[in-house]
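Visitor: These are the residues of each chain, in order.
Protein chains: 2
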Amino acid sequence: MKNRNKTPYYAVIFTSELSEDISGYYEMAQQMEEQAKTQDGFLGIDSARSALGITISYWESMEAITAWKNNTQHVKAKQKGIKQWYKSYQLSICRVEQEYGEKI
Amino acid sequence: MKNRNKTPYYAVIFTSELSEDISGYYEMAQQMEEQAKTQDGFLGIDSARSALGITISYWESMEAITAWKNNTQHVKAKQKGIKQWYKSYQLSICRVEQEYGEKI
Numbered sequence: 001m002k003n004r005n006k007t008p009y010y011a012v013i014f015t016s017e018l019s020e021d022i023s024g025y026y027e028m029a030q031q032m033e034e035q036a037k038t039q040d041g042f043l044g045i046d047s048a049r050s051a052l053g054i055t056i057s058y059w060e061s062m063e064a065i066t067a068w069k070n071n072t073q074h075v076k077a078k079q080k081g082i083k084q085w086y087k088s089y090q091l092s093i094c095r096v097e098q099e100y101g102e103k104i
Numbered sequence: 001m002k003n004r005n006k007t008p009y010y011a012v013i014f015t016s017e018l019s020e021d022i023s024g025y026y027e028m029a030q031q032m033e034e035q036a037k038t039q040d041g042f043l044g045i046d047s048a049r050s051a052l053g054i055t056i057s058y059w060e061s062m063e064a065i066t067a068w069k070n071n072t073q074h075v076k077a078k079q080k081g082i083k084q085w086y087k088s089y090q091l092s093i094c095r096v097e098q099e100y101g102e103k104i
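Protein sequence lines, in the order shown, are assigned to chains U and X.
Residue 77 in the numbering used here sits at position 77 of the first sequence, with consecutive numbering throughout.
Residue 4 in the numbering used here sits at position 4 of the second sequence, with consecutive numbering throughout.
Hints are computed from structural coordinates only; laboratory data are not their basis.
Only a predicted model underlies this, so the values are computations on that prediction, with no experimental measurement involved.
Take these hints with a grain of salt, some might be off.
Treat identical chains as interchangeable: a pair holds within one or across any two.
With a straight-line Cα cutoff of 25 Å, these simulated DMTMM-like cross-link-like pairs (lysine to aspartate or glutamate) come out [claimed, not checked]:
no., residue 1, residue 2
1, K78, E99
2, K6, E17
3, K6, E63
4, K69, E97
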């Protein structure tokens, strides 16, 4: 919800359905968001959750995405997510070609 | 939340914050989703809303996105959205390069 960067830049779309056991999930999601913000090349993050949760993080380059993917704390969080929190998930890596918007 | 297509394909990320007057919004959102599904090249849609709303629609090609952008009913819905429902919005057009996921 802000001008993030000149296109092209990159977006990681993460969609998930939660399992019944979500103890610790929201704390970890918050921690991961704080951690992502400290990564080189991080541009922003948007999230929303209804039945489906969607988190989109925005990055300057594919290299920045790879570094975040391999971040040790992030790797541990993902393992815990797959083991406990997620019923299903999907991850898409995208190149953002055009962007526009406005505050009304 | 399904295998949509072989990459590359395209995604339109629409994020919005709603204004105080959202009368008619959810009906229109539902109608637009039904309408989008009838468009050539439509692959799928994901949405979630918290403080921020995120809707991602997936398309076979940029041509399919342009056709949906110019669809008469969609144009009218967008005008009404800008006039009444949205406090702010942002739209990003992306090329999906990689995708993976699983049912756990």
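Visitor: Each hint needs a verdict: does it hold in this structure or not?
Guide: Cross-check of the supplied hints:
no. : hint         : in the structure
1   : K78 with E99 : between (29 Å within a copy, 16 Å between copies)
2   : K6 with E17  : between (32 Å within a copy, 22 Å between copies)
3   : K6 with E63  : both (17 Å within a copy, 23 Å between copies)
4   : K69 with E97 : both (22 Å within a copy, 16 Å between copies)
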